[in-house]
Amino acid sequence: MISNQAKKQIDVWVAKYPIGRQSSAVMEALKIVQAENENRLSADIIQAVADYLDMPSIAAQEVATFYENYNHKSVGKHTIRICHNISCMLNGADDLVKYLEKKLGVKTGKVTKNGLVNVKKVECLGACVGAPMFQIGEQYYENLTKQKIDEIVDNLK
Amino acid sequence: MADIEIEIDGNLVSAKAGEMLIAVTDREGISVPRFCYHKKLSVAANCRMCLVDVEGAPKPQPACSTPINEGMKVHTNNEKVKASQKAVMEFLLINHPLDCPICDQGGECELQDVAMDYGSDVSRFSEGKRVVVDGDIGPLIQTDMTRCIHCTRCVRFGAEIGGIMEMGGTGRGEDLKIEPFLAEGIQSELSGNMIDVCPVGALTSKPFRYELRTWQMNSVSNIARHDLTGSNIVTQTYKGRVKRIVAKDNDSVNETWISDRDRFSYEGLAHENRLLSPQIKVKGEWREVSWDEALEFAMRGLTDKVLNTGEANKLGALASNTATLEEFHLLQKLLREVGSENIDYRLNIKDLENTVTLESNIKLAGLEGVDHVLIIGSNPRLEQPMINHRLRKASLSGASIDVINVMAFDFNYQLNSENIVTPNQIAFMLAEVLKLILQASNAEIPEALSKIEASDTAKQLADRLLDADNSVIILGEHMVNNPQASSIAQLINEIAQQTNSTTLNISATANSMAGDLTEFVPGKKGLDANAMLATGLKAYILLDVYPHFDFHHPAQAIKALSKKDAFVISMNSFKDEAVAQYSDVMLPIASFYETSGSHINIEGKVQSFCASVSAPSDVKPAWKVLKVLADLLQLPGFHFANSMQVTSEISNQGHKQNVSNKKLDIKVKRSVNVIWQKSPYAVDALSRHASALQATKIGQMHSASMNKATAKKLEVAENDNYLGVPVSIRESVANNCVFVNTNKPIRGEL
Amino acid sequence: MNEVCFKNLDKKKCYSLKVYEQSGGYSIWRKILKGELTPEEIIDELKASGLRGRGGAGFPTGLKWSFMPRNASMQKYVVCNSDEGEPGTCKDRDILRYNPHAVIEGMAIGGFVMNASVGYNYIRGEFMEPFKRFEGALKEVYKAGLLGKNIGASGVSFDLHTHLGAGAYICGEETALLESIEGKKGQPRFKPPFPANVGLFGQPTTINNTESFASVPEILSQGGQWFADIGVENSGGCKLFSVTGHVQKPSNFEVPMGIPFKDLLEMAGGIKKGRKLKAVIPGGSSTPVLTAEVAMEMTMDYDGIEKAGSMLGAGSVIVMDDSTCMVATLTRLAHFYYDESCGQCTPCREGTGWLYRVLKRIMDGDGKADDIDLLLGVSDKIMGNTICALGDAAAMPVESFLRNFRPEFEYYIKHGKSMVKG
Ligand SMILES: Cc1cc2nc3c(=O)[nH]c(=O)nc-3n(C[C@H](O)[C@H](O)[C@H](O)COP(=O)(O)O)c2cc1C
Ligand code: SF4
Ligand code: FES
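Chains as they are written, first to last, in the numbering used here: chain H, 468 to 624; chain Y, 3 to 752; chain R, 1485 to 1906.
Since the hints were made in silico from the structure, they are not lab data.
One or more hints might be untrue.
Heads up, simulated DSS-like pairs for lysine-lysine below, C-alpha to C-alpha not over 25 Å straight-line [as the list claims (entries may be wrong)]:
1. R:K1616 <-> R:K1497
2. R:K1633 <-> H:K483
3. R:K1733 <-> R:K1623
4. Y:K61 <-> R:K1791
5. R:K1497 <-> H:K474
Computed spacing ranges between beta-carbons, pair by pair [stated by the list, open to error]:
6. R:K1733 <-> H:A502: 33 to 43 Å
7. H:D478 <-> Y:D177: 28 to 38 Å
8. H:D478 <-> Y:K461: 29 to 39 Å
If you're wondering where the values come from, they're calculated on a predicted model, not measured in any experiment.
Every residue, glycine too, gets a C-beta built ideally from N, C-alpha and C.
Here chain H stands alone, though its shape is the one from the complex (with noise of 0.2 Å):
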C-alpha cells in the first residue's frame, strides 16, 4: 500500500519530531502517498498510513478529512485551484471561473473527461497582491488574465 520509496519520504519527516510522536508526520504523509495513488485517498491508504505511524486510523482519518489538500474522490491529473476570496473577487475571479469551466466544458468540482483537469475554488492562498490568482501542482499563476490561463491550460498535458 505504501511504497519504500514513499517509507523513505515519510521518515525524513519523522525524525523532526521527537521520539514517539512519529504520528506529527502525517499530514505530509498522507500527501506522500495520496501523491503515489492517483491524488486521492482511500479509507484503505488512511488506515496504512495510520499503521505506518503506529496511531489510530480514526485520528488519521480526522486529519484526512479535516485539510483541504487531501482528496477523497477522484480528481483529474491537474486540479486547478482558484481563489475566490475577496482580494481575487475584486479582481474578477469570479467571471475568470466562469471562463474555466466554459473553456473545459465543466463545472467546478467535476473531472474533465479526459482525466486531466478538475477546477476548484478555493479560498484566500495568500498571494493577493497578485490577484486574481490560481495554483496548479505546487505552481502559483498570479494576475490572471483569460489569455494567460488560455496559455497555462493549453500546456497542461
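Chain H is fixed; fit chains Y and R with the ligands onto it per the hints.
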C-alpha cells in the same frame, strides 16, 4: 492545595486553588448547564453552554475550563450569563432534529432538560437542518448522529478511558461528524459507556432501541456478577423485564463505568432457552410437574439413594462460580447438615492438588496508586475490564507494567516489558526472579533455588520489583491449570513478601470469592469435584452447572453424572442437553437480576442486591428452592424468610487463602500445554445467551492459537480443528502452548 | 521604506546566505554564540523597540518572550507562524521567499532567549515555493555550522524544522497550529493553560508570526530605539502592508507605522481610473470595514486604525471602489468563515453557517425584511462566546458591513438585486 475563597452569586465559597469553577459550583449545588463537561473526562470546553460571568473578564468564561483564583467573583445567572447561555442553546438547537417524541433518550436527555430552561426563539432558523447519514457501527450501539451536538464526550471516552480511540470527529465546521473509522466499527470491551456519556440520543443502546420511553421504566440498583469487580449498575425494568442496564456511580468499585458484558448480558434473560418449569424424569421421559411434585421427587430421590441408606457420603454438591453468596451457603449447609463434605465449585481445575492459592490484599482504588505492576498469566482487558481500567490509570500516572504471559495480548496501555514464555517455564522464571531478590537482600537461598542461573530478563523483572515503592503482582486465570500452578502461587507469594509488594489473585472469577468465604469446598473427609466424578457418587445436587462450559473435562463429567445409579438434581436457569441427559430432576432457577443475594468482589467487599424483576413463569430463586428442599428433608436451621437472613447468618470471618507449602516444582518440562478459556462473552450462561454481545467481535472469539512450531508438533494447520476449535497460527504465542478461546459447547480432554 | 524585512529586496539572490550575511545578517547570532549577548539584554532591546506581534493581535514581542519559564530544565520550543491564510494577507510569503534567513536568525535568537533548543516553522501547505526557499536557506545555515547541537562548542543548541500545513485557515490560530504540528486536526485549544506553560508536545512554547521573527535581527543590530523611532507612539517601527483589491498597483509595502492611509493608497497607484474609493478593510478580512471618508483620514498604526473603528490586524489593506457590491462581498467573507470554522465549538460551528445561509438567501433574492436584524443577532451571539477568535472574526465583518452600508442590504432584500451596477 490550599483552600481559597471565591464569591459565587454573592456568596463566599471556599475551594481548592486551581480547581475548575464547575467543580466548585457542582459541589455547592449551584446549577450551571453543561454538555461537554464530564467529571471523569478531560475538559474540552467546546459546547460553550457553561459560560458564566467572571468579574473583570471581558468575555463570558466557561466554568468547566476556568481555574479559580483567590478573590474571584462569579455570577452564574445574571443577564449577561443568561444571554450567552440562551445564545448557545439556540445554536445547538438549530440543527438538532427535535425529534424528542421518538428519541430513546427522551426523558433523560441533557439537551431536552436544558432546553426547557433556555430554549426560545428557535423558529427563527428557517434554513434547512443538517441531516447526518448513519453507518452501522456494531451490534451494541445505535447511532442517530443527526442528534449529535459534537460535545466529543464519546471521543474523549475512547481516547482516555477505553484506551483506544474509536470515535473521532471527521470533517470540519458544520460538517464535523462524530464517527468511528467505519471499516472497524466499535469493538472495545467498554464501548457501552459511550451511551452513558452521550448527553443526547445520538448514541443509544441497540438492543434497547425503540423499546420504551425511559420514564415508563422502573430503576432498581443491582450488582453485576460476571467478574471480580461487582460493578454497581441500575437495571431498568418494564412489566417485569429488564430492558436496559446503565452504570451506577461508585468510586471505590467501578467509578462511573461498566463493561459491555455487564451492560448487555441481560438480554440473555429473555432467551427462548430459559428453563421455565420443573421437570422430572420418569422411565427415561421428561415430565413437567408442579414444584411440589418436583421437590417431593427430589427429596425422595435423596432419601432413597443416600440418606436412608446411611450413605450421606455418597452425596455431592457442585456449583458454578456464578452462584450468589447465599446460594453457596445454603447448599453447603444442606450438604453438611446431612453429613456430606463432598462440596466444590472449582469445576475447571484438572489437578485440585495443585491449585493457585494466593491472597489478594489490595483495593480496587489502590491499584491506581501503584508504581509498578507485574502481571502473570492474564489478559486483564477482556477478563477483568474494570480492574484493567484501574491498571491503565496507574500506567497513565507513570506506573511501569511488566507482563509474563503465554501469548501477546492487546493491552491498552504501555508495557514496560512483555515476556512471552512457555507455560512450562513460568515457574522457573519466577524462581530466577526470587533468587535474585533473595540475593539482593543477602538472604539465605533455599536449596530448591541454589542451582539456578538467572537470566537478564529475570534480572530486569527483579530489579523493578526491588526498586518500586508500591508494587503489585497479579496472578491471572491462565495459570489455573498450569502443571506448576501451586508452585507459581508460592513463588509469587514469596516474591511479594520479599519486595513488599501487594498481590492480586484474579485467577478465579465471577463470585468465586463467595465460594471460598462460604467454604464451598470439600471438608476434611470430603471429595473435591474431580474426586466425586472419578469415584462416582450416588446422588448429586448441581447448581447452575453447564458441563460443556464449566468442567475441565466435560465428557468425563457427563459420563460420571450419567451413571445409571446416580440420582442427579439439577438447578438451572437455562436448558442444556447434557443436563437433560444426566439429570433426574430439573429445577428452573432465577438468573441474574431475578434473585436477591450477594456478590463478593476482589477486595472482599460484600455487595448485596435485591431482585430487579421477578423470575419468569414458574421459575424460583435458587436460595428459596434450597431452603424448601432442606425443609422437606426436615433439616434444622433453614427458617429463612428472605435472603437477607441468610446473608446475616454467614459468618464474616474473612476467609484466608492458605498458601500451599508443597515442595516447589520449577523443573522446565517439554510437553505442550493447553490453556483453555471461555471467550470473554461466554463466561456464564447469561452472557452466552445475550445475542448482541455474541454478535460482537469479542463475542465471536473462537480459536486455538499456537505458533508454527507447536502446530507442526501437533500436526495441525491453520483452520484445522484442534479439540474442536479452529486453529489460528500466530507467532505471538509462546512455544509449546495452545491458547484456546472458545464460545462453543465443546471441550476435549486437556 | 524597506528597511527591515525587505532590506535586501532589490538585490540579486536576496534570499541567499551570502547576500544576507553581506548586509550584516547573522551578526547577532554570532554574538550570541560567542557569549556576547544575554537574553535579558535582548528582551530589553525588544521591549524598547516597541515591536508588536505582526500576526494580528499586536501583542508586544519582548513581553511575550519574557513570559517563558526560562530556567526550567524541560524542553521548550519556539514556533514560527507562516500559515498566512487571512484573506488579503500575503506578506509572510514574500518574507519566506526573499528573506528566509531573517526568519531563521530571528527564530534562533528567540530560541536562545527562551532557552528553547528546537524550533518549528509552520508553513501553509500551499506555499511550496516559499517552503523550498526556506528549506534551501536552512541547508545553507546548517552547512555554515550556524545551527545544530552545541553550535561551534558554544554551549548553545538550536535545531530548526519546517512543518507543512495541508489547507486549513484555522491553523493560523496559534494553538490550532500546535495541534497541527502534533499531527492532529487544527482545533484551537482553550486557554488557560497558555502555550508558554503548556504548548507544543505539552512543553512551554512561544509562537510568533514570520514578520515578527524576521524583524528581530535588524532591531537588535540597529538598536531598539532606532526601530521605535521609525514608527509612532504605541506602534514601533515599520510594518509590511499588503495593499490589494481595487488599486492600480497592488503590492506589499514596508513602511513606517503611522503613515497616512492616503499615502499608502497613492503608493499602490491609487484607485482605478474613473472609480471612486468606497470602502477599506484595513487589517485583513477579520477586521471591521470602514467607509472611504473615515479611511482617508486614518493613519496606519494600531491606535490610528482603532480610532477609525477597525484594527491593524496583519496589515492587509483591502481596497474597494464604487463598483463593489457590499452584499456580495460580505457574503463571500461569510462563506470563508463558514468554510474554515474548525467545528469544535457550538457558536462558531452553527453560527457561521447560519450567517452565510441568510446572506446567500438574500443574494438569491429571497431576503426577508427582518434578515438584517437576524444577521446582527446571530453575529452578536457568536461574538465572545467561542474558544478562539475565529468566531469574533466571523462576526465582526457582519456587524461593520451592516453598520456602514445598511441601505445597500435593505435595497437588495427589497428588490432582490444589487444597488450597485458593477
Ligand atoms: C483564526 C485565526 C487565524 C490566524 N491566522 C494567523 C496567521 O495566519 N498568521 C499569524 O501569524 N497569526 C495568525 N493568527 C494569530 C495567531 O494566533 C497568533 O496570535 C500569532 O501568530 C502570534 O504571533 P505574533 O505575536 O508575532 O503576532 C491567527 C489568529 C486567529 C484567531
Ligand atoms: S471559534 Fe470556530 S474555529 Fe475557533 S475553536 Fe470554535 S469552532 Fe473552532
Ligand atoms: S461544559 Fe463548559 S464548554 Fe461545555
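Hint by hint, here is what the structure shows:
1. Straight-line distance between C-alpha atoms of R:K1616 and R:K1497 comes to about 14 Å, which keeps the hinted pair within the 25 Å bound.
2. Annotation: proposed proximity of R:K1633 to H:K483 holds, straight-line Cα distance about 14 Å (limit 25 Å).
3. At most 25 Å may separate the alpha-carbon atoms for a hinted pair to count; R:K1733 and R:K1623 exceed this at roughly 35 Å.
4. Pair hint Y:K61 plus R:K1791 holds up; C-alpha atoms about 22 Å apart against a cutoff of 25 Å.
5. The hinted pair formed by R:K1497 and H:K474 fails the criterion: a straight-line CA distance of about 34 Å is larger than 25 Å.
6. The hint said 33 to 43 Å for the Cβ distance between R:K1733 and H:A502, and at roughly 37 Å that hint holds.
7. Between H:D478 and Y:D177 the beta carbon distance is about 33 Å. The supplied range of 28 to 38 Å therefore holds.
8. Roughly 34 Å separates the CB atoms of H:D478 and Y:K461, a value that falls within the hinted 29 to 39 Å.
Of the numbered hints listed earlier, those contradicted by the structure are 3, 5.
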